[in-house]
Structure formats: C-alpha cells, structure tokens
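Assemble the complex: chain L is given as a structure, and chain F with the ligand must be docked to it using the hints.
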Amino acid sequence: MKAFNIHLTGVGGQGIGLLSEALLRASDHAGHRVKGVDTHGLAQRGGVVTSRIRLGEGVHSPLIGRRRADLVVSLERHEAGRSAREALKDGGTLAYYDTSWQPMEVRIGGAEPFSSQDLQAEADLRGIQVVRVFKPGLVDARQQNMVLLAHIVKRELVPGVGREHVRQALDDLMAGRMLQENLALVEAEWA
Amino acid sequence: MKRLGEMLMRPEAFSEIVMGNTALARAMIEAGARVIASYPGSPTPEIAEAIGSIPLEKRPFYFEFSTNEKVAAEVAYGAAVNGRLATVFFKSVGLNVALDTVVQLPLMNIIGGLVLILGDDPGANSSQNEQDNRRLIQMAYAPVLEPASPAEPYVFYKEAARLAREKRTVVILRLTTHVCHQKERVAFDALPIHEVDDRPRFDPANGPYIPITARVFPLKRQALARLADFREYAETSPLNRLLPGTDSSRGIIAWGLPYLSLLDVLEDAPQKPDILKLGMVVPFPRRLVADFLTHHAQVKILEELDDVLETEIKALAFDLSLHTRIIGKTGLEDWMGEYTPDKVREVLARSWPDLVPARPPAGTPEPEELRPIPARPAQMCPGCGHRSAFYAIKKALAGSDITVADIGCHSLGFLPPYEMGQLLMCMGASTGMAAGLSLFNQTRRVVAFLGDSTFFHAGLPGVINAVFNRHPITLIVMENGTTAMTGHQDHAGSGRNFNQETEKIPIRRVLEALGVQSIFETDTYDQAKLIDLVRQATALDHFSVVIARHPCMLKFTREQRRKAGHQPRQVAIDPEKCQRIHECVQVFGCPSFQIQEDGRVVVNTDLCIGDGSCRPTCPAGAIDPPKVVAEAKGEGGR
Ligand SMILES: Cc1ncc(C[n+]2csc(CCOP(=O)(O)OP(=O)(O)O)c2C)c(N)n1
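In order, the protein sequences belong to chains L and F. Taking this note's numbering, the leading residue of the first sequence gets 1, the next gets one more, and so forth. Taking this note's numbering, the leading residue of the second sequence gets 1, the next gets one more, and so forth.
Quick caveat, the hints were computed from the structure, so don't treat them as lab data. Since the model is a prediction, treat every value here as computed from it, not as a measurement. For glycine and all other residues, C-beta sits at the position ideal for the given N, C-alpha and C. A hint or two may mislead.
What the hints assert, rightly or not - Which residues of chain L face chain F? A few of them, derived with a C-beta cut under 7 angstroms, are:
| id | residue |
| --- | --- |
| 1 | Gly36 |
| 2 | Val48 |
| 3 | Glu105 |
| 4 | Asp124 |
| 5 | Ile128 |
| 6 | Val133 |
| 7 | Trp190 |
Looking at chain F on its own, in the form it has when it is part of the complex:
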C-alpha cells in the first residue's frame, strides 16, 4: 500500500498520481513552511487531510485548524513576522471573514514570508455563492498566482513562497474547486535539507507594524511599490507562457482551469489561435499582454466569473492606443458558472463561430415524453441528530413561526419534509437575522439554528447581541461535536484539536457566562423531551437557548466500523403492526425507509445504521428495535 504520509516526506524525487491539494502539501514541505493555519471549507480540506497523514512527530511544520479564517490568517501572520515561512488556506467565502486582517497584510513587512491559499468555487459546488475573490484582493494590493493543472499548485506554491520570502510580503495562490481536486501524475523534486532556525526574530524595527492615521501612508506607499515590483517580475516570470498556434490573426488569453478547457475545445478546431497562458494574473504582465495584443487583430479574454482582467486589459489598450479588437464577456451567462469545456465551447462560439465547428451531436435528442428522473439533493444521513431535532421542533412550532437557518449540515433541513430554516445567509448569521425578524413582531415566534463549529466561528457575536440587546428569540444550537459538513474537523467544543487532546469548551458554560438566563438541553433522540423544551423556550419573553445534542452519526458509524468485533445493527418493520401510515418515510424522512409499489415500507439494508432514532416516530409502534445483522443479509435497496 502506498501511504500518503510516507510519500509526502520521501527524501528523494518521485512521481505519483495525486490531486492538486495533495501536491500542495508536498510543496509546503519542500519550501520549508513552518507554520500553517486554516479553517475547513470546500475545496480546501484535503490539504489538511494530506498534512494529517504525516504523523505529528514527523510533520516538519506546525498546523492548526483555527476557530475561523480570520484567526487563521492572524496566526499565520504572527508566525511570519517572527521569521517563519507561513501559510494560511481557506475557502472562497472565508476571505470575507478574514478580510479585515487580509487587507492589512500587504502593508506589512512580513519577514518570514506568507502564502495565502484561496479555494474559490466557480459553479458554487459547495458554497453559498461563487464570488470572485480577485475583486477583494485588488483592494489589498497583493499579487495573485493562478495554477491550472494539478502539477501547477505544486510549482506555483514553491514560487509563491520564494517570492513572499524574498519580498517579505504575502503572495496569494488562487485555486478553484477542480484545480484542487483534479488528479494526475505529478513529478516531485527531492526534499531539500532545510536548516531550521527557530530563534524568534520579531523586531519592531522591521516594521512599522502599527498602521495608525498618518503612519498608514508610508505603509501604503510601500505596498504599492511592491506591487509595481511584482508587475516587473510578471513580465519575465516563467509562470506566464506563450503557446503559438496556427492562426496568427487571433489570440486567446487564458489561465486556470478555463485554460485546460480551452485546450480540450481546440483539440478539434481546424485552426488554433495563439494562446497567452497566464500564471500571474494580479498584477498581470502589461508589456507581455500589450505585445500579444499588438500582434493579433483580435484577442479573446477567456475569463471565468468576473471581468477583472478584461477591464484592465481594455484600459491598457486604450492607454496605448491599440486597435486590436478585444473580446471580453458578451452577455450575462459569461459571468456565471464554471468554465467547463462545454461552457468554453459556447463562449468561444458566440464570438468566433468559425473557430469551433459545431460538433456532431453525441446523443440523440431526448424524446419529449421522457419522464424526469427525480432529483437527488444532498440530505441528512441515516441517524443524523439534526433530523430528529427538526422532526421534534416542527411539532413544537406553529406553521406561521419563522425559522432561521445557519451554515452546516443542518442547513439541509430547509428541504421537504422538514422545511425548517426559511432563510440562510452565511456562517453565524442566524441569530442576528432572527433578532431583526423579531422586532415589531408580536405574533410569529422566531427560532434560529446554529451548528457548534459555527457557534465558535462567527456565532458568538450574534448570541452576545441577543443577550445584550434583549432579543426575545430562541436559538437552537445543533450540537454534534464536530464540523460535520466539511469532513469532521474538530472544533473548540470537540475535546481535540488537530494535534492533541484539549479541554472541551462547553457551549453551555459559555452561554452561562454570557448571562443567558434560559438554557435547555437534551439529546435529540429524546423526542418527547425536545418537543417539550422547545415549547417552553419559545413561550418565554426573553432570549433562550436550546442545546439539541447528538453526535454526528456518520462520524460515529465510521469509527465503530473500524473497531474489531464491530457488529452492525439494523431496524426492521414488523409487517403485522405496520399500518402504512408512512410517517417514517414521509415525515421523519430517514433515507433508509423505502416505499414499495404496494405501499409496504421496507428498510433499505444498504443504508440503515441501526441507530433506532426512527422508533419513537412510528404511531403504530411497528419499527422493531435494532438487531445485529445476520451474516449474509438482505437485498439492499430494491
């Protein structure tokens, strides 16, 4: 078996099939990174999984999951001004949280060097929007590199680290979902021997590190001057490349994943335009681009999401009085979604219909009468404590009450059959929105939900506000002991951090200390109690909190399965007792129950984990207690 941890630490050069995120972990080791911090969010958590595959005592750097992205950026910055090469990574919207710190970074003299890795998500595969972070970064005057294939994050990170160290600043590596997750064989260099010098090197004389009023200006001037340096670097950077084609009248400027899509599309084009493939996009190489413009009658800018470079390149052409026809975005659709090969084909065909000949259809048209196959949105897992919570909470509330969701697995409660959580914004927003909804509102009770990782991440200010400003809402903390949605990372309430056991920070005690007067708690499987507590809490005229607790059953089941002698259990329906009320399938909605054509309910043996959370929900008492599954068992889902 090839072991990831061993591979990442291998001293000699080698090649292996890895995804972009894994390649990044090796790059960090080769570059001599010393401190790395993050907060989980797709598409980046696999970087941490790769790091975690190296046993703690062999790991050549310190890694932590911080409580949120802003703190992670601050930890990395603190380490870097103390002389360590540091890195912070998080998902797209994480930058919104970290921005207050990140906008300051380019002002500072970061002696150890800092690399910020952003995992943007065009296509909103796992995010609440598809924001283009290049826009936010423009405000900070920081340079941005954008890799395309899995080998590029590896090469680009090492270059980013070198630049960050040399120029004592922050360099940003912007990845997108399918750059992070794409796999191919990557050739890795041998591990350089690093002389580790951990003497603390922080010295205010390297600063100033205090941006206050008039002192801001020298810092801003220095940031702008550095950016100008980076512009010079971009002109000759090996990260930008010119690829000559066969049609010299037309050129295309591309980078990142859209560049790979472009190459795919051009595979069957009779004439291939020249391509300027950028690696450094902010600041972009002005002379290189101007030269490219000058040598082509028409240039297409193939830009995913926003028109950041398009605007700048057009301004450049204006300044230089160039007459090249520059083709940027041509309509709303060009601003949306991931630039997959199909999308790039459409985008190109709109401007240059002759370039990409219509392909023969690969499939017959779908017959009109084709019945749609029912959609399959993500849903809560069998045994999920959030399901039990929603099932009970729905019973305790009136239909006119307002429920406010937050980010996490419990966001999925907005779907039928629960329809719990009617508004969703971003991490930690539920309590504040609920407070606003409760103003001038005497008739509809307002209930907010909040996951436990989110409680620590960005939830606390909203909770404190509800106490401080006396908002009469009910907050239900959906405590499952982990950051479930992003792959079960530990948080401040878990009792473990990335590296060792720690003291749990109990949510109840935090709430008590904040002065929350009415705190209720129960395991969500105790349906009668949870219904009763929610009724009590929502009847109060002041802020109340219900802690609705159950461990994440996906995590729990995986851990159980790994134990020797583990015996899987499942429930079964007693056909004698079942009255075909279908409460289990249609209202409780555990995916393990399926309806047969004749109306019988069966347990899908592929799915049931024998948690028994369904049992109290059957009005006929027809769900038998979980039993150990016999060796050769049923037919799965039929």
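Chain L with its partners taken away, still in its complex shape:
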C-alpha cells in the first residue's frame, strides 16, 4: 500500500496518546508497516498535542508534510479546525469528537469560539468529508477517545483496519476491568 498519513490532535489531557497508540497497533495487526510519533513534554499541560501515524511503503520520517494527511482525527472542535487547516489535504477526511475546550483567548473575551458550523463550512469549501462524533451521557470525558476510535474503524477510515484489529490492539494495551470497559464502549458503537 502506498503511504497513508494520519494526523491526530487534541488538548493535553484528553487521551490522544492512547487513541493514537491503539490505532497504530491496530494498523500493525492489520499487516501494515507503521511509524508513529506522539507529543510528550510541555504541550501536555493543556496545550495542543498531536500524534502522527504513517502506514505503508515509502514512509521514512514519522512526520507529515503540511496538508499531506489523508485523515485528521481530533478530540476537540477547535483543534479539529486548526488541524484541518494545517495538516489535512483537500478531499481528505476529518473525524472529530465534538466537544469544546475553550482556549484561554476565548474565555478572557478576546476571540470568538469556533463552532461546528464554522468547521463544516470550511470543510465544504475544500471537499473534506467530515465525520462528527458525539455521545451524550458519557460517564467520563476520558472515554471520548474510545468512542471516536470506534467510529473511525466502523466507517473504515483507515484502509484495511477492522474491528478485530482494534480488539487486538486494546488487548495489547490494557487488561482487566479497564480492557472490559473500553471494549464495551467500542462494541456499543459498533452494534
């Protein structure tokens, strides 16, 4: 398979690292050659965090060129908008969990927040397919990453990566109650 690039993003603390590790491993279980890299360090304190996953042949660096991502995954609306502008190619796919963590500038009254309508309008201009995910009544915000993961795979947004690969990936990463709960979350979205 020729290179397929995934740019993942969110706000430090949302759990983009786990989502990206699960997707990386699922892609590996699907038989792809994989490379990835996550943000560690300073930005994890409430800043923008990004991960990159690259699959397929002809992939050397884990980094992706500007607007060369085939798929952008975001756990937050502002970051979905930002990454679509910076990382996603025209005609690519944007999958995001529609929650909003207002940036400081918005909260202190200097800037307008970014709405899901704003996001959709920009996507339409650039032929971007938008997959908006939101699940009311989630017990814990840190489950949003699993819900988004489930939809990415349900819609087959990553070539060749299916449900069984996600089950194997989660089994690599967790055990016991945590595994059961996360599997249940994911399976519920697939049902």
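Chain F with the ligand in isolation, oriented as in the chain L frame:
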C-alpha cells in the same frame, strides 16, 4: 496485555513497536549497564519510565534521578571508574549544568566505560532554546554518535557501550526529540548472560585522576590520541553507510532525523543523489567523506541547527585541494528549527530546484477572510496550586513591581490573565536575577518564583547569595511536592526517590539553616492568608521567603482515580446567584469555566476536578461546593 517491564527483561529475541527511548532501555540491559543516573527533562524522561516499569528487584542495574544533571554525570562517572558500565542521560540544556564535569570526562581513564545520552531539542518543542550540543562537546574531545530511526538508538547504544568499555572512556549518543519519541517495530536480540562482577575496582593506578596544572597535559594528550583512534574507527564503522542513488553527479551527506526527512522528500524525486549517511559524526570519517567529495561534482551537507560538520568538511576539502562544490547553509533560516520533511524540501529546493520538483499543492489556498482559530498555549491544569498562588500574589503586588519567573509549570503564569513572571532564563536563575533587579531600585519591589525541584537542582546558590549578600527581595517557593512539568518525578523534598521511601528534605528547614530570617508559608488555596503573607513579606527590608504550597493536582487526581471506590466531584454555578462578573473565567482563569454566547458561565464537565480552588474567587459566591458527580452526567464542553 503486553507489559513493558516484562518485555524489556525477556530473555529471548523478539520484536515490538516501541519508541526510541524504550528501545534504549532494552539496549542498556543487553549491554550490561550497571549504574544509570539522570535528571528529568524532555525528550528523555520516557527512558526512565521504561526503566521504572521493571520492578526494582528485577532491575538489572541501579537507576537514580539525581538532584541535577551535573550530579547525575558525577554519579555515573564515579561508578564507571569503579569498573561499572555506567550511563547518564538528560535533556539538551542539562549539558550546560553538567558541563563542568562533562568537559573533564574524556581526560580520564574510565575503566568501566561511560555512555552519555543527550536529548537535544531542535524546534524547541519543550525547551528554552534549541542549542546544538555538538558545539559544547567539541570542546571536550568526546566522540558523538547520532541515530535516526527508533531501531538505531538501540543499536548505537550497544556500540557506544562497547567502544566506551574497550577504550575506557566516555562515548556520547546524541538524540533529538523525534528520534526519542518516534515509534516503529524494532527487532531486539536475545538477552546475553552477564557475569556480574561487583567487586570494587577503583585504583588510582588506573589514573591519574587528578587534573592539576602540569598533570593536565598528559591527560589532554591522551584525550586527543583517543579522539584520533575514534577517527580511525569512524572510517570503517558500520554506523556510517553509503547509499547509491541514480544521479552520481550529486551527493548528500545526512544523519539523524534529517536523514529520514530526506528519504521522504526523495520519494518523489525523479533522480536520486547518492547519500552518505553518517552514524558517527564526531569525529567524522575524513577519508570516507573525502572520497565522497571526490566522486561528486556537488555535495550538499544537510545539517540541522549549526554548521558544525559543514565547517569541518569544508576545511578538509581545502586541505586536500578538492574542487567539489560543497553546499552548506544558505541563509539564516537554515540554522533554525527541526529539519522536518517540509523543511528539508525547502532547504534542498534552494540549492537544487530541479532535484525536488514542486509538488502539486495538497490544499486550496486559505481564503483571506478566514478567521484565525484562537491559539492554545500550554496552561496550568484545573486545580493547579500555582494558579491560586498567582491569583493571590497579583492582588498583593503593585502593577509596577517586578516578578521574575523560573523554570517549571509555574513559568506558564507569564500568560494572561496572570502575567506573573516577566523574565525567565533557565533553572534556578530567578533569585539571582531578582537580586540584580533590586540594586539601585527603591521603588519597585522584586519578587522571584522558584519551583521545588528547581530549588534543589540549581536554586540553592541563588538563595544562599541572597542571604549572604543581603538582597532585599522576596522569593516565593512554589511547592507542589514533585517535578511536575516533566512528568512527576520525585525530588529531594518529595519523601521518595526513584527506588524507595526516603526522608523528605523540608525546604523550610533548609532555609532556616541558611539563616533566612523571614519565612512564611501557607497552602495556596487559602487566598486571604497568601495575600496577607505576600504583603508582609514584600514590606520587609531584607530577604524573605514565602512557601506557597499545594500538591500537584494533576498527579493527585490521577492517583485518586486509580483508587477503588473513587467518586469524582465537580463544582457547579448557581445561576440564581451568578452576576456574570466573569471573575472565575477571566481573572482566576480556570480552564473548567466557559462562557456561553449569552454571557452565562458554565462548568466544563470534561475538565472540572472538583478541587474547589475557585470558590473564594467568586465575588457573588455563586460557585457551589463540589458535589459527587451523578452517574450519567452532563454534556462535557459545549
Ligand atoms: C537544566 C534543565 N534541566 C531540566 C529541565 C527540564 N525541566 C523543565 S521544567 C522542570 C521541572 C521543574 O520542576 P519544579 O521546579 O518542581 O516545578 P514544577 O514544574 O513542579 O512546577 C524541568 C526539570 C530544564 N528546563 N533545564
């Protein structure tokens, strides 16, 4: 579940998806390292996380976080002259702190072998600069290896350890952020059986170990001779490789992450130049490079950050009267930032526009009228004690007073709405800078901040200086019990080291022993008290310290969540009482508060941890006490 600790200790060969830092931990085990020391700093702390995943009783070596990088280097050196294979690792700027010791290392006969791992940070992802440590290392005459892909730190470390042991010296492994953090499947060898011989082998006869005046010269001569040996080794080292391309008139010399970027860029180039991929960069293989130069009409040196190799390679070409066109840096921009694939494309296109054809744009141009999406700098977490401290301290100070920041999570206080901390330099610098600012200054009070890990790391000399030279400043120690910014490593004031419980070293008692006369302390959530103490302290005409204490709430919340029966709590705004003053959102600035279009304030249920630090800040008393969150709860951030 795949468990990291088990995997790292697995006796048989295996392969696994890991990041460079994790691969390094396995390399240390395979190489038989016996003593490892570090001080936390991005991009290296995940090496320690990997080590920590191995239970203490199964860990095949001793590991410690020392109080700073210099001490860590000394611990490793001490162990190595006693016959142990030792390693020290830290971040880029850590070398500045350790340098006094590190410059001496190549002079010594290090019988056990020592590997120094540097985590440089081109792009300044998590650092106060992007210094190129190859420059500092040149001063020390130590050899430097530079890996690129995640498998290379593993292979290179083992080679570095072998060389260090064989040549009884220090070998440096220079990594950069995305080499440390990059992940891919790495094939690991089986674990060799090491005969551990822990007999102390220190013997002054292996030295001399005393570099004083005339005795320095034999040591320096020996260091230079060793470096010459390494130059010979570099000529045939398997770490350097020649990759033939399809265009033999042009060549590129590359190494580290820029090499991977280069391969990406060349994927869609019609003609591929030959590549000389270096692994050993200091000293570089002169004959190999000269040969490469001779066989190409033009050679590009693809060098991230400074022009260290460029200068040397040009000097070599001059000495050999070679007429190859050597292309190094062409402008200021070439000195800056990480050499990502995009950057390498730009750099190459400047010299050889025909080599990298312009790619069709992957995106439409951004329409002019596109509204910018508000930036999201890192910020203090919900419940952070530093926020409560800044909110109170700002009230106690006049706008003209000068606040001096130090390194740590509290550095983020410089951002609005707090704007506390108007200068920042490096770890431990706040007290000294504040002292200078207070000289010939009768009108503006000077207040310095200092984190607790930094207090022990490099803060003490500044504090002692303020006592010794009677500087009338106020120091506020932001005590959260941990090294928070780099991932919650314990420090001398935590009551635990990497391996076991220890006696806390209480900051207050240290200050008392130093003779600090005015010491105040409070929990930062007690706003009224903190404001009062800062007013008192800054009114004094001599050095005073306020210990502003609150445990790191990110760490605390994570620990709570792991406990059985933990019930999360959150605050709520009473809409009857809220007068839309927006103090909570705009002045206290906890990220858990959001403003709705109609001006209502809501609590973002994704974020609130129910710490209640916000409650005293609401002038209308509209923030209800934290309550246990009901099962199926709110809508998160909307
Ligand atoms: C010389 C040096 N070593 C390491 C670092 C990495 N570093 C950045 S912030 C920080 C933590 C400081 O901890 P502390 O002083 O306790 O402040 P906190 O983050 O806990 O508020 C460290 C070690 C650095 N910037 N400089």
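Hinted contact L/Val133 with chain F - closest CB pair below 7 angstroms: Violated. Min distance 12 angstroms.
Can the hint on L/Glu105 be confirmed by a CB-to-CB distance to chain F that is less than 7 angstroms? It holds, given that the least Cβ distance between L/Glu105 and chain F is near 4 angstroms, below 7 angstroms.
Hint L/Gly36 vs chain F: min CB-CB distance below 7 angstroms? With a minimum Cβ separation of about 4 angstroms from chain F (threshold 7 angstroms), the hint on L/Gly36 holds.
Closer than 7 angstroms between Cβ atoms is the bar; does L/Asp124 clear it against chain F? Give me holds or violated. Violated. Min distance 12 angstroms.
Under 7 angstroms, Cβ to Cβ, is where L/Trp190 needs to be relative to chain F, so tell me if that hint holds or is violated. violated (21 angstroms)
Cut-off 7 angstroms, beta-carbon criterion: hint that L/Val48 touches chain F: Holds: closest Cβ of chain F sits about 5 angstroms from L/Val48, inside 7 angstroms.
Per-residue hint verdict: L/Ile128, partner chain F, C-beta under 7 angstroms: With a closest approach of 10 angstroms, the L/Ile128 hint is violated.
The earlier numbered hints that this structure contradicts are 4, 5, 6 and 7.
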